[in-house]
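J.: Chain by chain, the residues:
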Amino acid sequence: MNKHLNRSILALAISGILSSHASAAITDIIISEYLEGSGDNKAIELTNTGSSSYTFPSNIELQYSSYSNQVRNPAGDSVLEGVTIPANSTLVIYNSASDAALSEAIASSATTVVAASYDEQSYNSLSFNGDDKVVLIDTDTSTTYDIIGTDGTYWGSGQTLRRRYGEGSSTPVQSSSYKAADWEDFGEDVYDDLGTATYSEYQEVVASTCSLDTQTTIAEVQGSGTSSPLITSGYTTAESYNITGIVTAVTTYPEKGFYMQDVTPDGDELTSDGIFVSTANASDDMIGTTVCVTSTVTESYNLTQLETDEWDTVDETSSVPAATDIEMIAADGDSFNATLERYEGMLVNLPEDIDVNTSGNQDMRVSKTFGFNYDTYRNDMSLSFQRPNLNPTQDNVPGSDDALAAVAENNDYRLVVESSTSAPDGEIPYYSTFSSDPANNYIRVNDSVIGMEGVITYSYSNFNLVVTNELYSSNFVHNTDRSSSPDLSTTTEDGHFAIKVGTQNVLNLFNSPYGGDANSYGDNRGADDEAEYQKQLAKLVSAITGLDADIVGLMEIENNGFGNDSAIQALVDAINDGYYDEDPKDEDSAVSISNRYVFVGYDSNNDLVLDESDSLGSDAITTGLLYRPSKVSIESMSVISMPEQHAPVVVNSANTVMKDSTGAALESGDNYQRETIAATFKVNNTGKTLTVAVNHFKSKGSTCWEEWDGVDFGDESTWSDDAPDEDLQGACENLRVAAAVQLGEELEDLGGDRVIVGDLNSYGKEDPILVLTENTTGKTITTARDTFIGDKPQFTVSGAAQEVTKTYGYINTIPLKDAEKGQSSWSYSYNDEIGSLDHILISSSLETRLIDAVDWHINAPEASLFDYNTEYKGDDYENFYVDDEYRSSDHDSAIVSLSYEYGEVGEGEPVYLTISSSAVDVPYVLEEGALVGDVAQIQLSSSTDMSEVVLPNVTITEDNQSLVEIEVYGLEAGSYTAKMTLTRDAEVMSEFTKTMSFEAASKDSTTASIAPVEEYDGSGGGGSFGLFGLISLLGLGFLRRYKAQK
Amino acid sequence: MLKKSTLCIALSTILAGASAQAATIYEKENGDNLKVYGEVGVGGHIGADYEYGEFYTDEKSYIDDSFATLGLKGEYEDVYYRLELDYERENWAYGSGDMVLTIDKVFVGYKFYKGHAIEVGLTDTALDDYDKYGDFTFDTTVETGEAGDQENTIKYEGSLSNFKMGVSYSYEGESSSGSELGDIINGYVGYFSDYVDVVIGAEKRSGSEGVSKYGEQTLFALGVRAYITDDLAIGLNGYIENEDIAQESALTDISADYNTYTYSYNDYQTLKNQGALISASYTLNEKVEFTGSLNYEEYEAWDINSEYGVSPDEEYSWGKERTWGTLGINFKPTSSVIFALEGNFGEAAQDAYAYARVYF
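Protein sequence lines, in the order shown, are assigned to chains B and L.
Start counting the first sequence at 1; every next residue gets the next number (the numbering used here).
Start counting the second sequence at 1; every next residue gets the next number (the numbering used here).
If you're looking for bench data, these hints aren't it; they were derived computationally from the structure.
No false leads were slipped in.
Derived DEER-like restraints, expressed as beta-carbon distance ranges:
| id | chain 1 | residue 1 | chain 2 | residue 2 | range |
| --- | --- | --- | --- | --- | --- |
| 1 | L | Tyr258 | B | Lys821 | 54 to 60 Å |
| 2 | B | Gly714 | L | Gly319 | 39 to 45 Å |
| 3 | L | Glu307 | B | Thr776 | 24 to 30 Å |
| 4 | B | Ser589 | L | Thr260 | 46 to 52 Å |
| 5 | L | Lys60 | B | Leu608 | 32 to 38 Å |
| 6 | B | Ala531 | L | Gly178 | 57 to 63 Å |
| 7 | B | Tyr969 | L | Thr260 | 38 to 44 Å |
Since this is a predicted model, take the numbers as computed values, not measurements.
Even glycine gets a Cβ: it sits at the ideal position worked out from N, Cα and C.
Let's have the full structure, built from the sequences with the hints guiding it.
T.: So this is what it looks like as structure tokens:
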């Protein structure tokens, strides 16, 4: 049976019906010529086959591409609206930037309309390039009246296609499906027939010659190698083969066509039983039928495929075979690509366990959740075998063989998941409940995907799975599921407590357009409107509240100062609104005001007023720092200026400044990064201090001078290629190294216990991390050239890049703890790789205090569909928004817990206790052995007035109680010495007696004020001094010796 | 050979005119006395270059350096005292440029043993007397940055045979612009003969500990005079200084009248400065004398290669070190009057210095 013959008869019948119309209608208008020539030579000829003129109403449009771009004139209006085509005449629409030869060649009898060029109307110009369909469509009813071409394959590049007559030289009629056989190509830039209502000769549809007698199996076509054994030279076989298979899927991506599988598989697991047949004529009704195809065999960009528009249907009653589980076998070695190669063209299923020979389940993991893919320019998803792809420099030294091996493994393990038709924004064509109920049907990075079926194809250098079945939430197993709080241990020894330090990226929180203070850069990188801003704020509040850190470093907050209308004040206010319970007895409650935060204010313009003028650094975004006055008290803060680069502008061999494609300097040599905030806190209830530095190093995105060093531009003056990145650290790693050195040095000067938090824009083993921790890798690490701190060269006046051999010994807490837990650290997802850009490093002095450190995976694993934005989410965008923490930013938060002992003293510093509600809780840490009924007592001595002081007796309530907080009422701020005793049966138990010096002070206000500057650090003074010092200087030291002998 | 006495008179005229001339108000037979003395001078710096950081303004190429001193001094047996007022132009860097009246010296001294005395009050610190000992010129040469005059100073000076020494201690000293320096102790030991004089000096200060930009400092100074002939003398003067200067400051307070800004200073770093000169004096006759000097000076703050030096964008025209010379002529129509003109060449802060002084 030949379906095509039947269709032709049907078309003839329809044409007969239509041609009986007395006057012209839209159904009389056909696309009669298509011209895709050189440069901007683009034209479409429409012919009115009716008997009277036709005027296009507004709802009839000429569109092209899968994006349904309306073709407009240079003024921006539809090229068709109001245009009239007389009977049996043509309308020629051509690009305004076409060669004059084209427009001059149009027959004078034709109506002409000039369409916009790309410069005039961008995507609404007449700018197809041979891989876009062109349609005549009714936008009211979405009825396609006529079509030429198909999307995604280059069917029309450089061609002038003229419509053929119908069978029996009948006038061609409209068709809503494209058939290449209906058109004749006359080559590139052939204008001689534009504007005349003429057609090419009818070409008879020849029946397939597929012979069932001489058959080749699909397995024989595929063979066991990576390309077909039938191809002996080039990419296509010289002869055609007759191949029969059951159609398993009809797809339009990567190319229109169908997949078929051997009716009787050969049982050889090394050969695929399926193959793709490229054709524009495939239709869904073929699925399940058995067809015989005669075709040469082609390797098309590493995909073995057949190409034909003709086939014989040999069995309409057959059915689609069950999808085959993908299974790794010994012959694959370690290569998952080898596994997929064996399934190329087949209908497969992703099972629970792909490698049955290895213990445990090896399944496919989501490596990039559903979202836009800049390689394919489509919404899709990426999976990886066994685990999500880790960024190669997360666990490997940049540029090392191990890192390159990691890249190769990621490429090997990758499987891109596509839909047959392009996924509209916010919708997954094969997972309908995703968009209707996203809160319960989310897909996260590291989800196991089980039961997904589809056909294996190859595109853009990756194996693809084009999904064929409908999926449900049960197909996605969340291995790293959402959790409303970080899984952080804060368990301490008795008598100790935990201090938590976190890092939080706030995804460009800008409040200036919505009542906030203006930033001095006139920039808004955040929410587009007030509603979006409120959504963004709500999500961030949920995130920071959930993080529940005592000190939080912020990145990407608007740099609009510290006034009442600053972004950081707005954020703190919104967070603190959730802490409303004022009762002292509820201070441990999650909603107690004791949890409130205050920001660290910096008087950058040095006028002693904290206001909107106090912006930080030279970017529209900045870092920030919040803390809980109930847990720590500010001692001082400083801003650490970070290195900026002032290298020469990049030039070509003729000393001409290199430009990028926008006309700007390719690399000016001037590169900046954000300042670091460092604050030193007193840890309440101890005599210890803790310095926390919040960082946001230079990004990997835009280049520095070093990226172009060694690039041979020749005499080119414009460069659009990306800069090379051989060591895989992205751009500007040398400037980040300079920043790490600066941070290390400055914090070393500050001394004490230090924590580095923030977005260091460096994965786990990249150079800046090695500098801040240790470099036992042997890697040579260098700074950027020409780095400056302010206007001073950072290293030398010559500006030469410095080799960095000094490291700073910090401990990278999260990988350390994750290693103990047998898991990877990651905080960011880029393309389909994950890794840690957000770090918490502690000085070695804090090593024994480290309890735990974790990433809180609320953002990186989530689709950006869940963020506050409303764009690119389709009509159901509201379904995605919940005022929770998920996708509150693009970076995950991270948090560390550190252990402190109540009453612990610092280096000569008294214990710092805060006065709250006129009382101070003096911690009395008890050794083991206290019994119920024992009484804790306190005596105080001080030069401060203690007339109002009430000293209570506190009865022990449980045996071996380790801590008694003795609430002393009426204490004024000042220095005290406490003697604490335990009395049993009126007898003092001397082994429990403790003395402690403490300083009582008011708790820091939750209304921000200027943070104190660093106290005098003791430098430049306090050395040996005195008469004998001078005598020694005069060389008369003998006098002193003499005196000493006396 | 030479007659040191002639030259010494001339030098003392220049360096310590007050001791050379005085009007006696009374003098008792036992030696108790009260004298008034002083000086009036007019003149100034010609072709002053602001970049050198020695002058208060960039607006003028002639900087007036007028000066007047009026003092009282007296003795009661072994106790002596002095009150000295200066009327001077604050023409130095960060100065106001105005003529101001200051009390330069208020002290009481006690000669407790022959050749040994102690002074208490506002007076020259010990090294101040000899910081320029090897320099025969008037002005515009390498200056040793010792503490100068200080309040709250106790000073001992004594001599033995050809040796002389002095030590002083100043409580909470201040710079010429009024910045806190901390406690200062300095002193010298000198050997004096007919052929050569050698003075070594040293100073140490404790620093302001965050109150001003000045931290700890250590200074070594050397002054040498060699008397070649009766008319010709050669001098050598030099110093090496390690001075801690704060690299960070932050405003901590503004007074209610917005006139006083209080800063907190931190991150003191040691900067090394050194300088030396060779000078010569030639006496043509009683009225005419020629002087000259060759100078070299090096400040770490000038060095763009130092972590604490000036940024390359703001590098001084002379770089991290400068050399210059002076040539001068002194005309003394009487022993109490001197007209001086000194011309500079090389990397000097001015083209010339001209002056007329009358001592009484």
